[in-house]
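K.L.:
Please model the complete structure; the sequences and the hints are all you need to start from.
Okay, here's what each chain looks like letter by letter:
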Amino acid sequence: MKYALFLGCTVPTRGLNYELSTRKVCDKLGIELVDIEEFSCCGFPVRSTSNEAGFVMAMRNLALAEKQNLDIITLCSACAETLVEANHLAKNDPEFRNEMNGKLKSLGLKYNGNVEVKHFARMLHQDYGLDKIRAKITTPLDGITVSTHYGCHYLKPSEIYDHYDDPENPHSLDELIEVTGAKAVPYSDWQMCCGGSILGVKEETSLKMAKKKLDSVSSKDTGALVLICPFCSVMYEGNQKKIEREFETEYKLPILYYPMFLGLALGLDPKDDLGFKLSRIKAKNLLARLENR
Amino acid sequence: MIEVNKLDPKFRYEVMRERGGEKISHCFTCGTCTASCPVNEVDEAFNPRKIIRMIVLGMKDNVLNSDFMWLCAGCSSCQERCPQGVSITDIMMALKNIAVRNGITHPAFQVQASEIYKFGRLYEVGDLNDRREKLELPRIPEKPEPIRKIYELIGIDKLVESEEINQE
Ligand code: SF4
Ligand code: SF4
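Chains as they are written, first to last, in our numbering: chain A, 1 to 293; chain B, 1 to 168.
Wrong hints could be hidden among the right ones.
What the hints assert, rightly or not - Residues from chain A that face chain B, not an exhaustive set, calculated with beta carbons under 10 Å:
{"no.": "1", "residue": "Met57"}
{"no.": "2", "residue": "Asp165"}
{"no.": "3", "residue": "Asn169"}
Claimed, not checked - Restricting the straight-line Cα-Cα distance to at most 30 Å, the calculated cross-link-like pairs of lysine-lysine (DSSO-like) are:
{"no.": "4", "chain 1": "A", "residue 1": "Lys103", "chain 2": "B", "residue 2": "Lys149"}
{"no.": "5", "chain 1": "B", "residue 1": "Lys50", "chain 2": "A", "residue 2": "Lys202"}
{"no.": "6", "chain 1": "B", "residue 1": "Lys134", "chain 2": "A", "residue 2": "Lys271"}
If you're looking for bench data, these hints aren't it; they were derived computationally from the structure. Computed from a prediction, not measured in an experiment: that's the story for all the values here. Even for Gly, the Cβ is constructed at its ideal location relative to N, Cα and C.
P.N.:
Below you can see the structure in the form of structure tokens.
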């Protein structure tokens, strides 16, 4: 298996542990990742200013992968949504494709609709498959409990994702947790959005959104919140201390990117391979529990 | 209060011409969107059903000069559940685009668009490349030229070049 790794803007600058653990995990699983230097921002942050400009940027990225005959995996869920949506339109709406290609022409590019785009987690779940992951596990995480945060753009709009996972009752990420032997603990406010995209618009509202989920997860016996999007991590990890301060509460809830967690089960080193030392809220208890078994 | 002389009955059509805006007239004001909205859950001032209603009524100035659409987190919860198939998330995006065309930009988004114009990405990589190297991660090149070209093609380069932020 071979994919172009689409990093986007946030992962390679603010989510180094996400990127590092993804590369190491893929190495272990025998998934080859190709870096395409010309990839830019996916286009998502520009869409609020100009949807059209955002889509041209997305199409440019798709065209670059097509040139190298590669499918794309993304780590950021907003990148996934933007690239998948542009791809969905390019494949199903000839008018859109022609219009976009008209713009790409002056960049010397053309997109013909031959690339598949998937979020890394979906690729693992759907294409690599749980059975193959299970076969690679050397350190089963039995006795470990964590909770999952799917985030919004990984699941929705479900139409562009061919309804792969049900936004009202998703299971892919929980299954990816449980394949390691760990238990995924449910909690009530699981559908809450992290609020990341309005942090710069109205901080108070955004932090309240993140707080709702932190409250809900923390009421359970769970060792960490496992997620798959750098924006969500900015809210739950990057802003956790601030929320604790402003709302006079305490969580100390470790936030892990999924490949950091999976990597533990694959026998990778938390410090050197999986970037645990870059975490702001150390997953001390979880790691101690693993060591003392 | 609705001031009738300020209404713009064509506003709805302006929204309908945008991608995803087509079905706005199908809304029967059931409120499912608002009940599903995570922003509304913590901040009642933000109410998608009300915004859809205001568009249909033609309250263009009120909508474009409010904070409303900038507060949408783009989560698509509403859109997934709308019984009438109204693409509410897309409509919020369309409103932002229309506002920008009318000279109204939220500073947060203006900054994002400008950074991407400058660096080709949302954040300057700069010194971070040294940190990346220490972790044995590949260096990230900063090549904004193709992105600048796209901005010029679409005509939004003028927006980022004026350092002035339009919103009072
Ligand atoms: S859910 Fe759909 S039909 Fe109901 S109020 Fe919202 S936009 Fe209108
Ligand atoms: S997309 Fe926007 S309006 Fe719709 S539920 Fe999410 S935050 Fe609310």
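K.L.:
Taking each numbered hint in turn, which are not upheld by the structure, reported in ascending numerical order?
P.N.:
2, 3
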